[in-house]
Structures are given as C-alpha cells and as structure tokens.
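Colleague: Two chains, two frames, a set of hints: combine them into the complex.
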Amino acid sequence: MTLKDDLTALAERGTPRGALEVYEAASDEAAARIALSSIKERAGTAPRGRGRGWVAAAAAAALVAVAALGGVLYLGDREEPTSVASDGGDAAGISADVQAPQPSTDVRPEGIKGMEAVTNADVTRIGYVREDRDAPVDDEIPEPAPVYDRDGNQIAWWGYPLGWIDLETMADPSYDFEAEYREYLAIGEQIERSRTTLPSEPTG
Amino acid sequence: MSDRTVMHAADLSGFGQIYPALRRFAAVVADADMDPDDLVQEALARALRTGSFQDLSDPLAYLRQAVLNLRSNERRRRARARSHRTGLGLPATQDETYPSDLTDLLQLQPRDRAVLYLHEVEDMTYQAIAELMDEKEATVRGRATAARRRLRRGLEEET
Chain Y
1 MTLKDDLTAL
11 AERGTPRGAL
21 EVYEAASDEA
31 AARIALSSIK
41 ERAGTAPRGR
51 GRGWVAAAAA
61 AALVAVAALG
71 GVLYLGDREE
81 PTSVASDGGD
91 AAGISADVQA
101 PQPSTDVRPE
111 GIKGMEAVTN
121 ADVTRIGYVR
131 EDRDAPVDDE
141 IPEPAPVYDR
151 DGNQIAWWGY
161 PLGWIDLETM
171 ADPSYDFEAE
181 YREYLAIGEQ
191 IERSRTTLPS
201 EPTG
Chain U
205 MSDRTVMHAA
215 DLSGFGQIYP
225 ALRRFAAVVA
235 DADMDPDDLV
245 QEALARALRT
255 GSFQDLSDPL
265 AYLRQAVLNL
275 RSNERRRRAR
285 ARSHRTGLGL
295 PATQDETYPS
305 DLTDLLQLQP
315 RDRAVLYLHE
325 VEDMTYQAIA
335 ELMDEKEATV
345 RGRATAARRR
355 LRRGLEEET
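Respectively, the protein sequence lines represent chains Y and U. Residues 1 to 204 in the working numbering are what the first sequence lists, from first letter to last. Residues 205 to 363 in the working numbering are what the second sequence lists, from first letter to last.
Don't take every hint at face value.
What the hints assert, rightly or not - Partial chain U-side listing against chain Y, Cβ under 8 angstroms, derived:
#	residue
1	Y223
2	R227
3	A231
4	D239
5	L252
6	Y321
7	E324
8	V325
9	M328
10	A332
11	A342
Unchecked claim - Derived DEER-like restraints, expressed as beta-carbon distance ranges:
#	chain 1	residue 1	chain 2	residue 2	range
12	Y	K4	U	Q331	49 to 59 angstroms
13	Y	K4	U	T254	32 to 42 angstroms
14	Y	E168	U	Q258	51 to 61 angstroms
In case anyone wonders, no lab produced these hints; they're calculated from the structure. Every residue, glycine too, gets a C-beta built ideally from N, C-alpha and C.
Just chain U, same shape as in the assembly (with noise of 0.2 angstroms):
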C-alpha cells in the first residue's frame, strides 16, 4: 500500500469520528434552506487545500470554526447561484419548513445559536466556546444571554 493510500485512509478514518458532531453542528448554524453537509464539505474542502486532515491539531475545533465563517461565504455564494438559476429558468430557492420552535432559533443569528448549542447540548464552557469562535468569553455569554432573551420573547409574542 503506497503511503499516499496509508494517508488517505489515515484521513478518512479521522474525519469519520468527527463527522457526527461536525454535521450536527454545521445544521445548528446554517439557515433552514442550507443543506448542512454543504458547509461541513467546503469546511473539509478548504482544509484539504492546504494540507492533509492530520495536519490538523483539533480538526473538529478547526472545521467548526470554518463552518462558522463559510456560512456567511454560503449565503453569498447562494445569493449569486439564485441569479444564475433565474437566468436559467429554474425556482430561486427551495421551500422548507419547520415547527415554531426551530423557526424562533432560525430566527437568530447562526454565532449565537451556535453559542447556545455548544453550551446546552454539547455542554462545553463559554471558555471554551470563546476560543473556538475566537470571541471574548464575555461576547460570549452575552450572545447567549441575548439570544435567550429572544427566544423567550418570541415565545411570549406565540402564547
């Protein structure tokens, strides 16, 4: 077996135990209408640019981030694919819908929703989520505060 089959199988065995977590979160912040695993592959696909996925210190940290800053590349590259897709005669976009509670977090914005989720789900510290996101733990916090307070206004606006 040639060491670059070794490598290729070295990198698919690694993303392969990161993959569910990386999935689960890239569907956190991406909007309703974005196929989460669009973003996780561009993620991937940018890492793999520069280097094998071994390269990677914390791969799972290192494509959350990505994932985190391509979502607003993936509205923009949409934005133009719509036009193109108008040109070409084609729907603009593709409806999808969800339940009231999953539309009140579509609602907010993807960095704090991903705040919220890495806390609450995944339990991890604002520390710890102020260093993947690259924020201040005060940020932080303060995104989750805002964004529950959102929320629980939301739901009172709903009742």
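One chain only, chain Y, in its complex shape (with noise of 0.2 angstroms):
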C-alpha cells in the first residue's frame, strides 16, 4: 500500500449520509440557530418581530419540519440523539389570554429517571422533561412541559416544536407561544411542500 492508497482509504472511510440528507440537515442546523437567537433577542430588549428577515423565517419553518418528522435534537454531539418531543403535555391548547406561565407546579419524578434530555439550541444548557408527557393530539396546541435541572428546579419550559424557552422569554407578556407555534407551523408546511417537489423539478 502505497501513502496515496492509505490516504484514499480514509478519505473514503465509512458510510457518506448523502448530499441531500447532509443538506438538509445542515439547513435545519442553520435554520434552527437563527430561529432560536431570535427568540432570545425577543427575550432580551428588541420588540416582537425585529431583525426578522426571510432567513428567520425559514429557519423557523425548518425548525418545524425537523421536529414533525420526528427529528432528534442532539445532545452536544450527534453520537446520542435524544428525542425531540413529539409531545407537548396535555395538548389542551393554551388559552390565548394566558400570556405570562408561571412555573409548574408539576412534581418531577424521582432522579432523572423517566424524564429525557433535552438542550436548549446552543448546547450550553442541559435539562429533562418527563418522558410521560401526554401526546399531541392533532390539530390542537400542545401547552409547553417544565424543563428541569438535576435538583428539580423548573429552569426552563420545552415547547413543541420551538424546543428549548427561557422562563424569561416565556413570562415575557408579549411573547406568545400559540401565534409562534402557529407562525411556525404554517411556514414548515411551505417549506415541506417546496422540499417534496424539488427532486423531480428542473433546477435551470
């Protein structure tokens, strides 16, 4: 073996995902990042809907696609997926004149068993939601389940599809999970449709 054929031995090592799925997702990483800074700048001083640009509204629309395909938010690296909720607590909806949660009440389980792990988007904090969390029901708001820390404490809530929330952003009275959730998930349909009919259309 000559160092060219080792060099191409590993360059060639292991199972490419393909350039459609590496694509995608890459896009869905991207989309994600800018939808969640979003949030956070909403959060912090800016008013409801600044800085929001196409990119914004794509990466949410991408965000919605992931997450209603099942998709995996990834717990730093990508060797262990954790399963993003296909959840959403007792799927009640949320009363619109509810505006600023408080805090559960819940009772966390014992230990982080039965509850999943979950990050917020940049992977700098780490929570856990209860795995018994009640399934969506279709065509209804899944209300946003407590996010834990390892003593208990309620640190953030985990709505889907948006993910990860602040308590900050989520007591914010002009934040709105409903009008977000249903913002994005008029956008991810846009964005699933134009996905499923790009294959078979000439791109020139």
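Modeller: The following block contains the structure:
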C-alpha cells in the first residue's frame, strides 16, 4: 500500500450520508440557530418581530419540519440523539388570555429516571422533561412542558416544536406561544411542500 | 415556483456537486471516532447562517477551510458532550478501530493529513494548498516533510 492508497482509504471511510441528507440537516441546523437567536433576542430588549428576515422565517420553518418529521435534538455531538418531544403536555391548548405562565408546580419524578434529556439551542444548558407527557392531539396546540435541572428546579419550558424556551421568554407578556406555534407550523408546511417537489423539478 | 424554492434547489444542486470531495476531505481531517458528515454538516450550516450557498465564490475551498477550522471546535464540543453523556449514564465514547497504516495517519496532526491528502490524492500544488489553508507555502511544505518523516519512523518501528 502506498501513502496515496492509505490516504484514499482514509478519505473513503464510513458510509456517506449523502448530499441531500447532509444539506437538509445543515439547513435545519442553521435555521434552528437563527430561529432560536430570534427568540432570545425577543426575550431581551427587542420588540416582537425585530430582526426577522426571510432567513429567520425559513429557519423557523425548517425547525418545524425537523420536529414534525420526528427529528432529533442532538446532545452535544450527534452520537446519541435525544428525541425531541413529539409531545407537549396535555394537548389541551393554551388559552389566548394566558400570556405569562407561572413556573410549573408539577411534581418531577425522583432523579432523572423517567426524564428525557434536552438542551437549549447552543447546547450550553441541559435539562430534563418528563417522558410520560401526554402525546399531542392533532390540530391542538401542545402545552409546553417544564424543563428541570438535576435538582428538580424548573429552568425552562419545552414547547413542541420550538424546543427550549427560557423562563424569561415565556414570562414576557409580549411572548405568545400559540401565535409562534401557528406561525412556525404554517411556514413549516410551506417548506415541506417545496422540499417534496424539489427533486423532480428542473433547476435551470 | 417561488424564488426561495429556486434558490433552495440551486443551493442543493451546487452542494451535491462538491459533496463527495468535501466528505472525503472531512474523513481525512476528522478523528477516527468522528463522523465526517458531522463536520461537513456543521461547516455548511455555518455558511448557510450567513447567506446562500450560491454566495460562496469557491464553495469547495471555503467549506474545506471551514471543516479544518471546525475540527478543533469539534474536539471541544465532543469533550463537553462526553461530560454530558457521562452524567446521563451513557457510554462516554465510541470505539472505532482501523488497520495500522490508517492508525499511523490518524496520529498525524489534522492539518498535516490535509496537506498530504490534497497533494498526494488530489494533486494540488503546495501553493494552492497554502492558499486554501491560509498558511505560507513553506509552512505547508514543512508539514508534508515532517508528516512523511513521522510516517516512515512509525513504519520502521513496526518492522
């Protein structure tokens, strides 16, 4: 074996995922980060809607697309996927007049047994949501589930399909989860439609 | 068809053309237990966060450079992930073994592997590699020489 042979063998190790899968995952990853940056921005001083261009809208859409397809939230690196909640609590919907939910009084199971690990968008925080959340019901808006730290303190909310929502964001009177959910879902459906038609369409 | 759909299709088509070469390059610079596609995906994601794929004047060169730069970030990220995984009672690492020749290659610095690969397999000149890696040509030549010397030493020790 020559050096060139060895290098070629190294270059061809493993099974490639393929351009389409990698592109869409990268697109979703970029989109998710942009979308969640937008959420963080709103949690700060920015008025609702500021800084939202088409990229952010596409970002939100792709985030929905991933979650709707049973996507995964990767914990740190992608070796051990942690399933994103296809969930959302009792699926009873959120009353439009409830603008600032209080931290949950739900009792967390002992330890992290029965809990599902989730992280925020940039993987700087980790928390746990109950695995036994009720499944979402079609056409109903899932209620965000509390995210706990290891000591049982609620540190965030987990809202399908947005993922991690900071307590401050949820408590912000201008933040409307229901509107956000509907917006994400609508754009996500558009993106999904465009994706399903792309392979057969001419590009030139 | 909307403008965005056309742009998406063009981006995807463009990426599809460079993906095989980019993936091979990522496989060379990544550690043995790294998924090369993870590096490719993250490099592309970074590019897409700042604009369209079509905005890149030389996508392959840009993404190769991004893959190289991200590789060090990847190590830090993986270290952080290992601590998370340990906390969750999950296996800390994945074991992946390779024949000794590949093991020797994997013990080189990723940038040294990149130089050898681009020169030996892709027939790139040292000047072109230097531009891609944003280093001086002399540095790149030095990397190649040192890497070959180290590989020879490893071979002699084995025999």
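Colleague: Taking the hints in turn, state whether each one holds.
Modeller: Each hint, compared with the structure:
| no. | hint | in the structure |
| --- | --- | --- |
| 1 | Y223 | 4 angstroms, holds |
| 2 | R227 | 5 angstroms, holds |
| 3 | A231 | 5 angstroms, holds |
| 4 | D239 | 7 angstroms, holds |
| 5 | L252 | 4 angstroms, holds |
| 6 | Y321 | 5 angstroms, holds |
| 7 | E324 | 5 angstroms, holds |
| 8 | V325 | 5 angstroms, holds |
| 9 | M328 | 13 angstroms, violated |
| 10 | A332 | 17 angstroms, violated |
| 11 | A342 | 21 angstroms, violated |
| 12 | K4(Y) - Q331(U): 49 to 59 angstroms | 20 angstroms, violated |
| 13 | K4(Y) - T254(U): 32 to 42 angstroms | 36 angstroms, holds |
| 14 | E168(Y) - Q258(U): 51 to 61 angstroms | 38 angstroms, violated |
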